[in-house]
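Given these sequences and hints, build the entire structure.
Protein chains in written order, with this note's numbering: chain E, 1 to 118; chain A, 1 to 434.
Worth flagging that the hints you see were computed from the coordinates, not collected in a lab. A portion of the hints provided could be inaccurate.
Stated by the list, open to error - Just a few of them, taken from the derived set where beta-carbon distance is under 8 Å, the chain E residues facing chain A:
no. : residue
1   : Glu11
2   : Gln34
3   : Arg42
4   : Thr45
5   : Tyr46
6   : Met53
7   : Gly54
What the hints assert, rightly or not - The calculated DSSO-like cross-link candidates involving lysine-lysine, where the alpha carbons are at most 30 Å apart (straight line), are:
no. : chain 1 : residue 1 : chain 2 : residue 2
8   : E       : Lys52     : A       : Lys192
9   : A       : Lys192    : A       : Lys393
10  : E       : Lys90     : A       : Lys393
No residue lacks a Cβ here, since even glycine has one placed at the ideal position from N, Cα and C.
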Amino acid sequence: MKLVIGIVRPEQANEVLEALYRAEVRGFSISRVQGHGGELDRVETYRGTTVKMGLSEKVRFEVAVSDSFVQTTVDALREGARTGEVGDGKIFVLPLEQAVRIRTDDVDVEAVTPVAKS
Amino acid sequence: MSGLTAAVAGVDTGDTAWMLVATALVLMMTPALGLFYAGLVRSKNTLNTFMMCVAAIAVATVTWAAVGYSIAFDGDGSIVGGLGHAFLNGVDFAPREGTTIPELVFFAFQATFCIITVALVSGAVVERMRFGPFLVFAALWSVLVYAVLAHWAFGGGWLQAGGTLDFAGGIPVEMGSGFSALAAALVVGARKDYGRQALLPHNAVYVLLGAGLLWFGWFGFNGGSGFSTGDASVLAFTNTLLCPACTLIVWFALDLLRGRKVTAIGAATAIVVGCVAITPAGGFISPGWAMLLGALAALPSYAIIVWRTRTRVDETLDVLAAHGTAGLFGILFIGFFAELAWNGVSDGLFYGNAAQLGDQALAALAAPAYAFVVTCVLLKAIDVVMPLRSTAKEEALGMDVVQHGEEAYVTGEGAILVVPEDGGPVGAAVADPG
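As structure tokens, this is what we get:
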């Protein structure tokens with residue numbers, strides 16, 4: 001089991017969602033984060049106060065998957081998030097010790113495998 | 001314009017007092033529209049959308065003072081007025097011909113109409129049109145389209161001379177903005193994500209608050225268009241309460257039929273549609289007919305909103321449906337239900353005067369055609385000199401940051417103060433040192 005974390009542009013989030021659905025990756029969570037990579041800073045001015053905005057808005061996808069799904073998930077994130085410009089984001093793959101589905105007490109691979117809606 | 005008795009010599013203080021207030025009410029409608037529009041776009045375009053309305057106040061006020069007012073209200077040429085009032089020449093404390101208010105007040109009142117009409121058109125092109133070309137468009141459009149249509153309807157031009165009735169601006173304001181908006185949407189083109197992603201309103205409370213403030217201001221808009229505290233103004237004022245309320249009820253019913261729920265953004269839209277519909281008819285129809293007008297006007301506007309979103313035409317904030325369609329409906333409604341006993345001017349078809357309907361239909365054909373064609377040509381011409389659109393990348397980032405260097409909902413986290421010593425070229429993105 002791995003935890004795949006993808007940090008992407010907010011404007012690409014929809015593309016990533018579509019790519020994940022196409023890849024049949026059904027379970028994930030997203031959150032809005034701010035971060036800094038190598039991108040250009042935006043300069044903004046508010047009533048004469050000029051600031052460099054060091055942090056950019058990003059969307060963070062977290063996807064817990066069984067090993068056989070890791071590459072599919074990474075590919076979907078990469079494909080959906082890429083624009084070719086600096087600031088497209090990062091993908092991290094982390095080992096995952098345990099997963100529990102709260103409703104059923106399923107653990108590990110069963111817990112990260114979506115069940116059909118009954 | 002209409003609904004007035006014979007010219008009165010001198011200024012009436014009561015009329016003038018009301019018109020001063022009405023002018024301020026109508027001016028407030030433009031920031032209210034900014035709020036309404038800003039709530040309807042995505043959060044990354046909030047400020048740009050609002051700023052187009054603010055820009056309309058800046059640009060249209062100046063063009064109106066320079067030549068717009070004169071073209072609309074100097075002399076009674078058939079197509080355009082003269083240049084006798086250019087740069088406010090002769091606009092002073094003497095009463096405006098046909099009214100009991102100083103021409104200065106009359107000028108300011110009419111200026112606020114020009115301003116909001118320019119701002120209305122922006123609804124068609126938000127989220128992708130660059131700010132610079134919009135300023136140029138606003139300046140030229142306010143003169144070439146608005147002032148000309150205002151002359152036709154109010155300034156003694158061919159429509160008014162021919163007997164067409166338009167109380168408060170169904171022709172120049174509502175049809176003028178609505179059909180220009182359609183043209184602008186077609187020339188500028190759809191947003192890059194239009195039809196592919198759900199592009200949702202980011203703050204429905206802004207939309208409702210904006211609609212509420214618009215309605216409030218509309219009492220000055222319609223109630224002031226009699227230029228007095230006389231019967232026509234009183235009738236239009238009360239009709240401005242009755243008509244939109246009926247539109248709301250019918251809109252609720254349509255929402256229920258279609259989606260089984262009454263929507264807030266639908267309600268905000270209905271308020272605008274109802275106010276638009278009563279705009280041309282306010283001082284000409286009885287309160288009872290005004291209520292029917294409000295109820296019926298919901299139908300074509302609702303239908304066009306439903307239909308438009310299924311097309312490739314990204315007329316983003318539905319100016320055509322809310323203003324063009326409801327304005328046209330109100331203009332035609334006068335032709336049926338105008339009532340001499342209420343307005344002292346003319347009857348409609350229902351009261352035995354079929355000719356009035358003909359006059360109204362003529363305006364409903366001519367004004368949309370003129371607005372559409374001139375706006376197309378104007379935007380194509382501007383596009384040759386300065387591109388109308390932002391790039392796809394800029395559109396993705398959002399117009400607030402790209403066009404204004406500001407964000408509506410900035411947290412300040414991670415913001416580094418640029419002090420003059422180490423400040424690079426302000427206004428351009430600087431390369432990250434680390």
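Going through the hints against the structure:
| no. | hint | result |
| --- | --- | --- |
| 1 | Glu11 | holds (4 Å) |
| 2 | Gln34 | holds (6 Å) |
| 3 | Arg42 | holds (6 Å) |
| 4 | Thr45 | holds (6 Å) |
| 5 | Tyr46 | holds (6 Å) |
| 6 | Met53 | holds (6 Å) |
| 7 | Gly54 | holds (4 Å) |
| 8 | E:Lys52 - A:Lys192 | holds (28 Å) |
| 9 | A:Lys192 - A:Lys393 | holds (10 Å) |
| 10 | E:Lys90 - A:Lys393 | holds (19 Å) |
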